[in-house]
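Enquirer: Under full-length UniProt numbering, read the sequence shown as residues 1 to 292, first letter to last.
I should point out that these hints are in silico values taken from the structure, not numbers from a laboratory. Treat the hints with care, since some could be wrong.
Using 27 Å as the maximum straight-line C-alpha spacing, the simulated DSS-like pairs for lysine-lysine come out as follows [to be verified]: (1) Lys254 with Lys43; (2) Lys81 with Lys161; (3) Lys198 with Lys43; (4) Lys59 with Lys81; (5) Lys81 with Lys42; (6) Lys150 with Lys88; (7) Lys59 with Lys43; (8) Lys63 with Lys88; (9) Lys88 with Lys162; (10) Lys71 with Lys81; (11) Lys63 with Lys43; (12) Lys254 with Lys207; (13) Lys81 with Lys207; (14) Lys42 with Lys193; (15) Lys71 with Lys140; (16) Lys254 with Lys161; (17) Lys63 with Lys81; (18) Lys140 with Lys81; (19) Lys63 with Lys140; (20) Lys81 with Lys43; (21) Lys220 with Lys198.
Computed from a prediction, not measured in an experiment: that's the story for all the values here.
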Amino acid sequence: MSTSFEKYQKRRLVSSYFSVVISIALVLFLLGMLGLLVLNTKKVADHFKEQIALTVYLKDNAKEVEIEQLKKSLAMADYTKSTTYVSKEEAAEAHSKEIGEDFMGFLGYNPLQNSIDVYMNADFVSGEQVDAIAAELTSKNFVDEVVYDKPLIALLNENVKKISFWVLIASGVFTFIAVLLINSSIRLSVYSKRFIIKTMQMVGATKGFIRRPFIWQSIKLGIIGAIIALIGMAGALYYLNNIFPQLALTSDLKILAGLFIGVFAMGILITWLSTFFATSRFLNLKTDELYY
1 MSTSFEKYQK RRLVSSYFSV VISIALVLFL LGMLGLLVLN TKKVADHFKE QIALTVYLKD
61 NAKEVEIEQL KKSLAMADYT KSTTYVSKEE AAEAHSKEIG EDFMGFLGYN PLQNSIDVYM
121 NADFVSGEQV DAIAAELTSK NFVDEVVYDK PLIALLNENV KKISFWVLIA SGVFTFIAVL
181 LINSSIRLSV YSKRFIIKTM QMVGATKGFI RRPFIWQSIK LGIIGAIIAL IGMAGALYYL
241 NNIFPQLALT SDLKILAGLF IGVFAMGILI TWLSTFFATS RFLNLKTDEL YY
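Could you put together the complete structure from these sequences and hints?
Expert: So, in structure tokens, the structure goes:
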């Protein structure tokens, strides 16, 4: 009979620890993925900014040496990420494929111009800076015009600001919820041992002596939960990096290491604080109040 009861108690204890570990792991995983999103918000925004091209159309009388000089100066400019020279023949071929017919045969000549597509570094993709770059290029006598999608740039910058703001708000809310969920799991675990706490206190054990085993046990559960969360984060990061290699999510190992260490430390810190306050609450209760 006694053996069966002890087995039952052990099963309950293991089940309680398992639920606490899973709760901690899930909450820390979600918190870590949110942290990953926060850290990569700028990188994602920069990726989309760098897809916007500024097209420099060249006059037909532009000399080869002038075109080569412009290509070199653009390649060396601080604002340039990459450039692509498109000859009028290449442009005509691409346009014919797009519309599905040979428009030059109908017109009798090629109306398109030689051009250079300039893809800029994200830090320079703003309305004022792109306007200044376009004005500088247009001032060259062999440049016919400079074309870019000004409304798209304005819309993109506006949306980046909004998204960054709401991501920060969401981060704060989720962090608060994470603390509450882990705290609730720990408090339920300590609540099941409230009579043991009070018995130890009644036989003369100090508060620090009573708290110590509870805190160490919770820290162990926090470490296990954090390790599970980190394994899940590593798997998710590997998967996302394979789907979106252009974002280079694993390029900055220092930031990733800081995030992983932060999640691990948070698992320990939250469980320690939650256990400390939960045990303090039951230590300060009267014996009659333990039944409520």
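Enquirer: Look at each hint and say if it fits the structure.
Expert: Verification of the supplied hints:
no.	hint	verdict
1	Lys254 with Lys43	holds (15 Å)
2	Lys81 with Lys161	holds (23 Å)
3	Lys198 with Lys43	violated (54 Å)
4	Lys59 with Lys81	holds (24 Å)
5	Lys81 with Lys42	holds (17 Å)
6	Lys150 with Lys88	holds (24 Å)
7	Lys59 with Lys43	violated (36 Å)
8	Lys63 with Lys88	holds (14 Å)
9	Lys88 with Lys162	violated (40 Å)
10	Lys71 with Lys81	holds (13 Å)
11	Lys63 with Lys43	violated (39 Å)
12	Lys254 with Lys207	violated (41 Å)
13	Lys81 with Lys207	violated (63 Å)
14	Lys42 with Lys193	violated (47 Å)
15	Lys71 with Lys140	holds (13 Å)
16	Lys254 with Lys161	holds (25 Å)
17	Lys63 with Lys81	holds (25 Å)
18	Lys140 with Lys81	holds (21 Å)
19	Lys63 with Lys140	holds (12 Å)
20	Lys81 with Lys43	holds (15 Å)
21	Lys220 with Lys198	holds (23 Å)
Of the numbered hints given earlier, the model fails hints 3, 7, 9, 11, 12, 13 and 14; all others are met.
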